[in-house]
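If you're matching them up, the sequences are chains E and L in order. All letters in the first sequence, in the order written, are residues 45 to 374 by our numbering. All letters in the second sequence, in the order written, are residues 3 to 279 by our numbering.
FYI, nobody ran anything at the bench for these hints, they're computed from the structure. Take every hint as true, because none was put in to throw you off.
What the simulated footprint calls covered on chain L by chain E, stretch by stretch (three residues with Cβ under 8 Å from a Cβ of chain E suffice, anywhere in the stretch; the number is not a length):
1. 91-98
2. 134-140
3. 160-171
4. 177-183
5. 222-232
6. 246-253
7. 263-271
Far from chain E by the CB rule (all over 10 Å, computed), these chain L residues:
8. Ile36
9. Leu55
10. Val207
11. Leu209
12. Asp213
Just so you know, these numbers come straight off a predicted model, no measurement behind them. Glycine included, C-beta positions come from ideal geometry on N, C-alpha and C.
Given next are the chains, with one letter for each unit.
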Amino acid sequence: MSNEIWVIADMKMDGSIRKVSFEALSEAKRSMQSKIGGPLCAVLMGSGVADKAEALGKYGAEKVYVVDNAHLKDFNPDGYVKALSELVAKHQPHIVLAGNTSFTEDYIPRVAARTGSGLAMEAIDMGLTDDNRLTVKRYSHSSKAISEIEFKAGNTMMATIRPNTYKEEESPVSPEVINEQVDISDADIKVKVVNLETKMSDRPELTEAERVVAGGRGLGSEENFKYIYDLADVLSAAAGATRAAVDAGYCPYDMQVGQTGKAVSPTLYFAVAISGAVQHFSGMGTSKVIVSINKDPETPIFAKSDYAICGDLFEVLPVLSEELKKALAE
Amino acid sequence: MKIVVFVSQTLDTEARVAVSSSGDSVATDDVKWILNPYDEFAVEEAIQTKEKLGGEVIVVSAGPARGIDAIRQALAMGADSGVHIKDDGFAETDNYTIAKIVASEIKKIDGVDFVLTGMKIIDDESVQVGIQLAEELGLPHVSLVSKVVEVDASKLVCQKEIDGGSVVVEVPLPALITCPDAMNEPRYASLPNIMKAKKKPVNEVTLDDIDFDTLGISRDAVGKSGSKVTTVKIEVPVIDRKLKIIKGSDDTTVKGEEIAQAVQELVQLLRDDAKVL
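Same shape as in the complex, but just chain E:
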């Protein structure tokens, strides 16, 4: 086992590095590196990605392992499993961190199995024991419990981190770039993309947004979700929804927040016409400030909110959008 800490640079569809990768680098720099003693490293995998190493250095990555391979274009978990597994087997890092995204959730478990690494997913807190073993806190039991997980020594320790859990903090260095050759052939790629649809939106992506405005079934129709989008746009927020609203066809599945959908942890979360069922709360309960708008004075979400207005969303939201527009312009 080496004393290196690795952070995987996870990339968006447009090829930019996700904010959560910088958050992970920042936290590793702040809380882990001085104890473990080795260099902070980033792993950059993709096709035509070599120029992104500098961006990782900005957040403290002293070494950047680069796997630049045409087979790592777009959605391609088989290629990533092979590349990262070979790198981990070769260099034996002490800790490997990644943001918890739909992509890492898909391929990191296979890497952990292939390399015999311990794995804990969707951390909301991390620490180190006296003998530098990783500890991770994560939600369990439909978010009704928080489990603290401790890793055994002797294997690489892997964890994925819920986005927006840690603050990103610049700590610029000029990274040493190490080009790694991984032999990926067509035969390695079993899962082949037939069609890739990217959804272009002017709004920020749900999982990394600083602010989220989400609506429930009480919106009543697809057209009425305009109330949610209007408020979201005033706040430069992402738009979210409950499972009930998605099931009713008011908005697409990629807006779903909760146990089945996405887990978010923004600074500000607006829950509009949402009762706060555990299935939804598990996906947004770590938000820093929760505001709810609900016409039911007895709604359970009020007991889980910082601020709330008991009122009809169709009356309250237009006024709120206007007032916030004014407040933000000041």
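Assemble the complex: chain E is given as a structure, and chain L must be docked to it using the hints.
Frame of chain E; chain L shown alone:
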């Protein structure tokens, strides 16, 4: 087509969750044990595939004696037979080892074409065990399949949602998929089918039947001490919020002029109290 579904029995998290006296697990005295809800979608998808293409559905589970109930429920939904890997130590065993043991039993079934499991096990909220099972089986996987577009004897075409879009992929069979709740409507087991399920064959397997040498792990890997990761503490999260609820004068909804007042108060709180604007 020979279809295998890997299912788990979980405690019903709809109910209250309390911490056990040891502090490192959830109290199980009065809990209800259920078939992992996400596994129901996997069982349903397996049965629908069998109805379309013919063949059989085999349910495989690893757990203590009570785990048979989860297998029977899948059989009552329409699966044909079961394999119960029975041991009390699985609850404290990490996903890495469980995937290896379950894979070793699935490998003993001849000619498996298609393996399915739920996208998550709701008690430890593990999304990884299904994917690690694919790795141990040496099969390709597609996780979080929102829709099966096409399946035949040799290949599977399916859709999955990813951050910032959706993707349709084609994968040769045999392969493994993990199933979220959006993909189908699990059927209810009728009373006659529940009765019939009691007579369907379930092969009981113990750790003595597992060839640990071939798996590259020791028998001690089952249980807390042998796991690469262990739960050392469980807490019930405390909800600590400010609870500033603005209501109307009659203690219900804000009306008329109260709406503008309430909104102004809220904006002021967000700016000066929470400092998030």
